[in-house]
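Peer 1: Please model the complete structure; the sequences and the hints are all you need to start from.
Protein chains: 2
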Amino acid sequence: MLSLEDAQIRIKKEIEIIDLPLVPKDLYDPVRYILSLGGKRIRPALVLLGANLFSDDISSAVNPAIGIEIFHNFTLLHDDLMDNSVIRRGKETVHIKWSPNISILSGDVMSILAGKYISKTNSPNYKDIQDTFNRTAIEVCEGQMLDMDFERRTDVSIQEYLEMIRLKTSVLIAASLEIGALAGGADKKSAAELYEFGLNLGLAFQLQDDLLDSYGDTKTFGKKVGNDILTNKKTYLMITALNNSKPEDKARLLDILGWTTIDPFKKIDAVKAIYDACSVKALTIDKINQFFDLALQKLENINIEDDRKIVLKKFSAELKGREY
Amino acid sequence: MLSLEDAQIRIKKEIEIIDLPLVPKDLYDPVRYILSLGGKRIRPALVLLGANLFSDDISSAVNPAIGIEIFHNFTLLHDDLMDNSVIRRGKETVHIKWSPNISILSGDVMSILAGKYISKTNSPNYKDIQDTFNRTAIEVCEGQMLDMDFERRTDVSIQEYLEMIRLKTSVLIAASLEIGALAGGADKKSAAELYEFGLNLGLAFQLQDDLLDSYGDTKTFGKKVGNDILTNKKTYLMITALNNSKPEDKARLLDILGWTTIDPFKKIDAVKAIYDACSVKALTIDKINQFFDLALQKLENINIEDDRKIVLKKFSAELKGREY
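These protein sequence lines map, in sequence, to chains A and B.
Number 240 in the numbering used here belongs to position 240 of the first sequence; there are no gaps in the numbering.
Number 149 in the numbering used here belongs to position 149 of the second sequence; there are no gaps in the numbering.
Be a bit skeptical, because a hint or two may be false.
Not everything, but these chain B residues come out facing chain A in the computed CB check (under 10 angstroms) [unchecked claim]: (1) P24; (2) K25; (3) D131.
Quick caveat, the hints were computed from the structure, so don't treat them as lab data.
Glycine included, C-beta positions come from ideal geometry on N, C-alpha and C.
Peer 2: Written as C-alpha cells, this is what we have:
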C-alpha cells in the first residue's frame, strides 16, 4: 500500500516529466511555471490513494491524478488574476510575470489539458470518471462565483457559507478520491462513500483554516495570523459572530469592519474579543469535529478490509491534529 | 437527408431549450446571454451534417453539436475580453455588460460545459469523439496565442500565417465534421477525410474573409471594407504584399503601416495600390481555389454514395460563390 508520502513523491515525479509542447512559448511556459511552483500535491495524491484502496495496481489512476493537479492549478491561475494576487507560493503570479491576457489563455489551455489527462485512462469506469470530473469542475466555478458574490455582501448565512466552501474547495478533494476509487475498480456505491469522506474532510479542513487564521500559532500555521480579520473576510468565524453575538456586539463588529486606518493588532484584538464573547472558537471546533466524525463514518461504511483504510485514517488524523 | 438550413434550425431549437442552472446568476446569465446572441450556428450544424453523411439517425450527434457551439462561444467570450472588444453581434460584450472577472469565470464554466456536452453521447466512438475535441480545443488556444504574438511582429511568413489560421479557425470546423462523422458511426479513415475536407474549407473561408475585408462589396459583405488595413492586421493579403512587392513598394507599405492620423480612405487606397501592383488579389484567389479544390478532393475520397455528399458539396459551392 502507498503511504500519502509515497503518493506525493510519485505525483511530483509525474509532474516533472509531463510532456507539454514548447510552442507557442507564451502559452505553455506559464503552464510549466505554475506546475513547477510545487505545493503539497494533496489532490492528485488522493487520486492515487483512492485507487489503492481498491486495487494494488494504480496505473489507471495516474493520468487522472495529473489531470486533477492541472485543473487545480488552472483554478489558482485564474483566481490569482481575478483577485489580482501578485504572489503565489513565493513567486510572481502568471498575470504579473507575463500578462493578464496570457494568464487567461494559459489557464484556458490548462482547463482543457486537465480534461485530456482525466480521459487518458484505460479504466472500464472511464465514463463515470469523466462525469465526476465535469460535474466537479463546474461546481468549482460555481464556488468561486459565490465567493466573489459574498465579498459584496454582509448578510451571508452559515448555510450559504458552507455551500460556498463545499463548492469552492471540498468537491475537488472529494472528487479526487472518487475518481481514484473508480480508476481502481470500485463499485459506484463505495466510490460515492469515499466521495462523502472527502467532502466532509474538505469542509473540516477549510473551517480549520478559518480558525487557524485567527487562532493559529504563527510558527506552525505559516501564514500571518489575523489576515482574514484585517481583510474583512466573511469566514465561518465572522459569520458565526455576526449571527450569535449580542446586538451591541454585532453593531460594534459591523463598525470595526469599517475600520481601515488603525493599528492592525488593535483591529485583530477588537474582533477576537467579540469572537470570545460569543464562543466562536468553541462553536467552530464543534463544527470541525462534526465534519471529521462524519468523514470517518463514511470511510467505515466502505466494504473493504480495515487494513486498506489505514492510510486515509492516518491522513484524517493528521489533519485533525493541527493545533489551535 | 438534412439540409444545412434544417441543421441550423435544429441547433437553434436545441440552444433555446438548453438546461442551464439559474444560480449563481452572475455565472450562468452571461452564458445564456452569449448563447442567445445568435450567429449562424455553422459549426454545430456541420456536426449534424457530418453524422447524417453516415447515418439517418443523428441523435448521437446532437449533444456533441451543442458542445461545439458552447466551446465556440466560450472562445468568443474570452477573445472579446483579451481584445477588449465592446460589441459582439450588435450587443455589449460580456466583460462590458458584467465585468472582466465575470467574463473570465463564465468563460471557464462554458469551456467545461462544452466538454460535458461533447461527452453526452451514446456513440460507440465516444473515446475518439472526446480525443478529437480535446486535441482541437488545445489547438484553438494555440491559434489564439499565435494571433496575439503576430500582432507584435512584422516578419510573419505566409507559412506561419496559414498555420495560425489553421489552428485558430479551421481545426474547429474540421473537428465539427469529424465529431459528427464519428457520432454517425463513420470508420476512422472516413472521419479523417471529412476532417481534411473541413480543414481546407476553413482555410479557404478565412482567406476569403481576408480578401473580402479589402475587396468585398460593403452591401454583401456586411462589414466595413478596409478595416483590416486600418488596424494594420497582418492578413494573408498584407503578408503576401510584404513578401512579393518590389523593395520600394515594401518600404512604402511599412511606412504606411505607421500612418495614424490620416483620412482612412487615403490609407486604404494607398495600401490597395501596392496590393494591386503585386497582384495580391489574384494570388489570394489562387490560394483560395487551391483550398477549395483540395477540400472537394477529400470529400470525393470518402467511400459513401454520392447522393449523401450533395449537402456538403452545396455548402462548399455556396461558400466558394461569395463575390469578390
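Peer 1: If a hint holds in the structure, say so; if it does not, say that too.
Peer 2: Hint check results:
Annotation: P24/B was flagged as interfacial toward chain A, and the flag holds, the nearest CB pair being 4 angstroms apart, inside 10 angstroms. For K25/B, the shortest C-beta to C-beta distance to chain A is roughly 9 angstroms, which falls under 10 angstroms, so the interface hint holds. Interface hint at D131/B: satisfied, since its Cβ lies 7 angstroms from the closest Cβ of chain A, which is below the 10 angstroms cut-off.
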